[in-house]
Structure formats: structure tokens, C-alpha cells
Amino acid sequence: MNKIVYNDNSIYILDKKYALGIYVFNSLSGEFITKIGRFGNGPGEYTEIYDFSIDNINQRIYVLCERKRVITYSLSGDFIEEKTLAFYATAMEYLNNRFYFINDNMKEDNLFITDRNYKTISSHFPNKQYGVNYRILEYPLIKQSNELIYHRFLDNNIYKIDSIGNVNILYHVDFGNKNIPFNEIKKLSNNELKQKMSTSRCHIKYIINSKEYSIILYFDNNTPCLSIYNKANNKAESYPYNLLKDDLQEINSLY
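My numbering puts the first residue of the sequence shown at 1, with every later residue one more than the last.
If you're looking for bench data, these hints aren't it; they were derived computationally from the structure.
Model, not experiment: these values are computed from the prediction.
Please note: incorrect hints may appear among the correct ones.
Ranges of calculated distance between the beta carbons of each label pair, as one might list FRET restraints [claimed, not checked]:
hint, residue 1, residue 2, range
1, Glu31, Leu244, 29 to 35 Å
2, Glu184, Glu138, 20 to 26 Å
3, Tyr213, Pro43, 41 to 47 Å
4, Asn222, Ser76, 31 to 37 Å
5, Asn105, Lys160, 20 to 26 Å
6, Glu192, Lys128, 31 to 37 Å
7, Lys68, Lys235, 44 to 50 Å
8, Ser29, Thr84, 34 to 40 Å
9, Glu48, Tyr6, 23 to 29 Å
10, Asp174, His124, 19 to 25 Å
The calculated PhoX-like cross-link candidates involving lysine-lysine, where the alpha carbons are at most 25 Å apart (straight line), are [claimed, not checked]:
hint, residue 1, residue 2
11, Lys143, Lys119
12, Lys68, Lys35
13, Lys17, Lys35
14, Lys119, Lys196
15, Lys178, Lys196
16, Lys143, Lys83
17, Lys187, Lys128
18, Lys143, Lys35
19, Lys119, Lys107
20, Lys231, Lys205
21, Lys178, Lys143
For every residue, glycine included, the Cβ atom is placed at its ideal position computed from N, Cα and C.
Build out the structure end to end from the sequences listed, making use of the hints.
So this is what it looks like as C-alpha cells:
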């Protein structure tokens, strides 16, 4: 499973590799409801899915296909329309009449913001800053409430995108003397960067941001770790991920 979204009384699950589709289940009973779209080359069909996002107001689900098309379905899976993008994208989210796309073209920016007709409003963060070391993240955009959380490879800033598309730094993560300065990444070869990452504290992979806590998954000497920031007391604690226990089975959580 690559993405899970809870919406009303339904769960939308994306599987890119094995089941190749978006499957909808009842969140209370677990009963299968429907599949969004179908595999194929006809109208409303896809051969590859990269991401999806739900529009609750208009009761739509937008599906990013083959990096170049967005297909619109109803939440029950009926095909509505499809549009071709002016760029290639690997991830997307929809929020308040704007689309947010991740673009991996090294000559272009990483974050593209478009209107509902997929016309570019703005773009941010040049991919050329990485040199040969650009890497696609699994979850660069995370929708939470009425905002988006955005981050990119080896950038220690976590960004918030508000409801009207403004992009601002939400947190700066201080990794201390084991940090990899962002401006050094472009100067390194792939092998040099891999070696440096293996002895550094870096690579924010996933973020959860709630009213009480912010949680990040990162790596320390290639070991996955969690840092939990308590907003009430303004303190953060970090733990190796493999020390976390499953409360139900009393076993180590698996990464």
C-alpha cells in the first residue's frame, strides 16, 4: 500500500505495484465498496498511478496517471474527465481550488502550483540545486486539515502551504554537528553523498503535524529514528525507531 486516505465513512487505498489501483472500503465494517477507474488505454483508464487527492467540496477524486495526466472521478468511481499536464509530476495534492505537484525535471522547479484548470500559478525550489543527487521522496506532500506540509530531500526545513498557496517555513530541524549542509549536496558525487549520509543525521522521510505534537522520521547513521516535538512544553525527544513497541502484540515495530 502506497497511500491511505480516510474520507467520511470510507477508506481510499492506493497500491501502485501489485493491485494497481485505488480501492475504497467502508471504514467501519471494512467491507469493499468499489475500485476507482480501471486499467487500460481508453478514456478514463490508466496504465500507471502515481498519486491521488480528494476534493470533499466537489465530491471528486483526482488521480495522477503516467506522470502526465490527471483523471477526475466521482467519489463512487464514475469517470468525469481527464486533462494533460504541461509538465511531468510524481506526486500531487488538491486544496482549496489549487493543485500542488512534485516535478522531478532537473531543469525545472520541484513544487508546481496550478489552478483548477492546471494552469501554473507559481513554482518553487529549483531541482538543479541537487546536481546529480536529486531523489524522489515517497511522501513529499502531506495534507492535514486545511493546509499542506511539504518537504524535499535533505532539506532540513519543513514547509507549510496555507489555504491560498503561500509557502513558508514551518520548522527548521537542527541536526547539530552531524548535519549535511544543503549547499554541499551539489558538490558531491552519488557515492560521496551516500557515504556522508551513512555517518550523518539527516534525511527527513515522513512528517506528522497535529495540534499537540509534530513527529518526524529521519536517519542517524542510516538508522531510522523518530523525533517527537511537544508543542505545549516546547521540547523534543528522539528515539531509535526499532525501540518502539507494538502496544497490542508487544513486539518491535517494523520499518
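So if I understand the rule, the pair passes when the alpha-carbon distance is 25 Å or less; does Lys143 with Lys83 pass? Answer holds: Lys143 to Lys83 is near 22 Å, not above 25 Å.
CB of Asp174 to CB of His124, is that within 19 to 25 Å? holds (23 Å)
Starting from the range 20 to 26 Å, see whether the pair Glu184 and Glu138 falls in it by beta-carbon distance. holds (24 Å)
Starting from Lys178, check that the Cα of Lys143 is at most 25 Å away, please. violated (30 Å)
Is the hinted range of 20 to 26 Å satisfied by the C-beta distance from Asn105 to Lys160? holds (24 Å)
Hint check: Lys143 vs Lys35, CA-CA at most 25 Å. Holds or violated? holds (22 Å)
44 to 50 Å as the expected CB spacing between Lys235 and Lys68, which holds or is violated: holds (45 Å)
Is Lys178 within 25 Å of Lys196, Cα to Cα? Measuring from Cα to Cα gives roughly 10 Å; hence the hint holds.
Given the hint that Lys119 pairs with Lys196, does the C-alpha gap stay at or below 25 Å? violated (40 Å)
Is 31 to 37 Å a correct range for the gap between the Cβ atoms of Glu192 and Lys128? About 18 Å separates the Cβ atoms of Glu192 and Lys128, which means 31 to 37 Å is violated.
Per the hint of 34 to 40 Å, is the separation of the Cβ atoms of Ser29 and Thr84 within bounds? Distance hint for Ser29, Thr84 holds at roughly 38 Å.
Pair hint Lys231 and Lys205, alpha-carbon separation not exceeding 25 Å: holds (21 Å)
Going down the numbered hints, you'll see the structure goes against 4, 6, 14, 21, while the others check out.
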